[in-house]
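S.K.: As a plain string of letters, each chain reads:
There are 2 protein chains.
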Amino acid sequence: MSILLKDATIVRQNSTRDIVHGDVYIEDDIITEVGTVHHEADIVIKDRLVMPGLMNMHTHLPMTLLRGYGDDLPLEEWLRTRIWPVEKKLKERHIRIGTTLAFMEMVAGGTTCAADMYFFEDVIAGVCRDVGMRCLAGFSIIDFDTPEMKREELIPACEKFIRKWQNDDLVIPVVAPHSTYSCSPETLERAAGMAKRYNTYIHTHCSETRHEVYDVLNRYGERPLAQLKKHGALTEKTMLAHCGWITKEEVRDIAGVGACVIHNPVSNMKLATGGYTPLPELFDAHASVTLGTDGAASNNTLDMFETMKFAALIHKHHRWDASIVTAQQVLDMATVNAARFLGLPVGSIEEGKKADVICLDLHAPNLLPKHNIVSHLVYAASGYNVTDVIINGKMVYHNRTFVTVDEDQVYEEVEKAKEELTGM
Amino acid sequence: MSILLKDATIVRQNSTRDIVHGDVYIEDDIITEVGTVHHEADIVIKDRLVMPGLMNMHTHLPMTLLRGYGDDLPLEEWLRTRIWPVEKKLKERHIRIGTTLAFMEMVAGGTTCAADMYFFEDVIAGVCRDVGMRCLAGFSIIDFDTPEMKREELIPACEKFIRKWQNDDLVIPVVAPHSTYSCSPETLERAAGMAKRYNTYIHTHCSETRHEVYDVLNRYGERPLAQLKKHGALTEKTMLAHCGWITKEEVRDIAGVGACVIHNPVSNMKLATGGYTPLPELFDAHASVTLGTDGAASNNTLDMFETMKFAALIHKHHRWDASIVTAQQVLDMATVNAARFLGLPVGSIEEGKKADVICLDLHAPNLLPKHNIVSHLVYAASGYNVTDVIINGKMVYHNRTFVTVDEDQVYEEVEKAKEELTGM
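Protein sequences appear in the order of chains Y and C.
Quick note: the first sequence uses the working numbering, first residue 969, plus one each step.
Quick note: the second sequence uses the working numbering, first residue 969, plus one each step.
Among the clues, some could well be false.
It does not matter which identical chain is used: a pair holds within one copy or between any two.
[Claimed, not checked] Capping the alpha-carbon separation at 35 Å, the derived lysine-lysine pairs in DSBU-like fashion look like this:
hint, residue 1, residue 2
1, Lys1384, Lys1164
2, Lys1362, Lys1132
3, Lys1056, Lys1216
4, Lys1056, Lys1014
5, Lys974, Lys1384
6, Lys1338, Lys1059
7, Lys1362, Lys1338
8, Lys1384, Lys1014
9, Lys1362, Lys1128
10, Lys1362, Lys974
11, Lys1056, Lys1338
For the record, the hints were derived by calculation from the structure and aren't laboratory data.
Please read all numbers here as calculations on a predicted model, not as lab measurements.
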């Protein structure tokens, strides 16, 4: 199987951040040529902007089913009266359809890789493999019974999950201890130990709200990051979602260890967490900084173009400095930064890289005139502009049509799941 | 000419904010029926979400040509090194093509009415009439020579402009003294007097930046709002763009007079103005509060769906309160609030209103499941979801295709204008 992207404007995201005019050739799962290509291919796409697919580093895929179910509510009330009661009713079939809907929304918006964290993770991983989404599948570890199993079953089930998926092409199994306020020290240690044994990532929430920080401080005499560190869960493979309330010292700790921060500006703003993930300080410390949407219940989209714009603007406004976070820095967060942290050969358009590639149609009123392509991608583009999405060399969205799922059937099942879950 | 919107989900934005299932009938420029319609129409559109078109109450239409030309720069440097040098080169043909591009971007994003403020306003008004956009065309008054004429010619030219357009169906001529820092007291008085004589609106910038407030305070011993008031420019027909740095007392003054505040959250954040238009206080005082994108040079889109989301989220985050500004309040700002202030029979789907109506396709992954339609419109929808746009009863965007402009020709002329203006 080969794909030729012909006469393209290529945003390479290579080390020199070149934007060139030319062709990209994809053979099986690999980008084999970037330049001028003369040979034929099974699929040819002409005259597009070509760039690496966006990487959504923190989300809860099946929560698309709860999009708009509770808005404009204080965080605690939102969880207690809306999210938790519905989550208790979740069955495998809901997870399957919610994840499929998430996949569709993500690829239609140019996302090719998602770092998930939820219950029924084996089901989620299976859907991702079937529809063709690259996924860091985070198996949630938490000190409560989940909709799927009893709390004491979680650690062994997670281990089984890792062994099942550890050699998959698209799915990377991840250990996801939920947070320091919902996991005891012992649970953190067991989760961290397992991640170490299997040499995989740890994905956790860290300092999302001020309340959380003080709660953990009161309980353990240490802030969330120190608590993770103490119990072996802060490593060069740790993915820290949010970090809206971390200190400058914690910025240095994170950078020193080589852990990764995932900024979720839209969710933080919508839930009114008040914190500001300290991007300028994280950049100065050369920390790994990436982007996520969080779940659709608190965003309410999985749109990484939108998230890029929010990420740039929230810090400009907060610091009274329009230059504090640039378009290029934000595009890097959504592509090369994530790829580099994960050690995955994606995130740029270079020969030998895995083909996670998206195409945009630049002939659109919101992307003209072409003064500055990177600016347009961060400040002006939207999912509307994405025409084609290739993940691991496979076309999953072609001419704005889903290739691997039956759109109408999914929508029907989504509404059915909604009725089952909310009785409305 | 008649249009039937059949089997629709109708977000009426009437006084009881009903969302109903049914049909909408449009005859010539008027919504003649809402309910169950049995007769035929020239155009029939089925199975859409139908809602009033969005009203963008502050923008600079031709500045689409400068989208992405200067980003990530401090405001002063941005104006001095990027915007002003290019604006000097503006000719009528650039204004014409920039305004046409703006129209296309706006209707593709569901906007049916724009309040503009720029130079060459007669050209802008002409384009709006030709393409079919409802427009409050603000003739800029400023104490500098403009790219179009000498400063002393502005007031008489504005008067001529008002007389020419005052009875147009689509274009409402508006007097637009730029601001209290760029207009002398005498200029403000002459502009305000003219607006009063012709019983039309005054559109001005007010307290966008902290610097502006202190500049005016230093020069005149009064803040911008007091300065407007003193010189007759604060009336029940005054549109105040930004108001990011107004006081609680100024909130009361604005509400008392019945002037209208236009919140431009995206532009404020991108230019790092630091201020927060005090929406909760303005709502409490029952002030007219509306929304705008500002120009594409500082946004960088004219997307009112995006602006609605930013408007809701910036205040939640700033006040640490997810309930402080609701989706319904924001949707009202973009529709009925603007219509009510202007005294225009638009902004809702009701019999007898002018037909400024948009259709969205709800069969989209970002708008499912349908828990809460208003939430989806503010937090999840994007221009991608808009399929049809009717302005003053005329179809200007049908099945995602522009009816009144030649898309390819516009794009070609846009790139040519870009080259002429920037030499690149």
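S.K.: Which hints, by number, does the structure contradict?
M.R.: 1, 3 and 4
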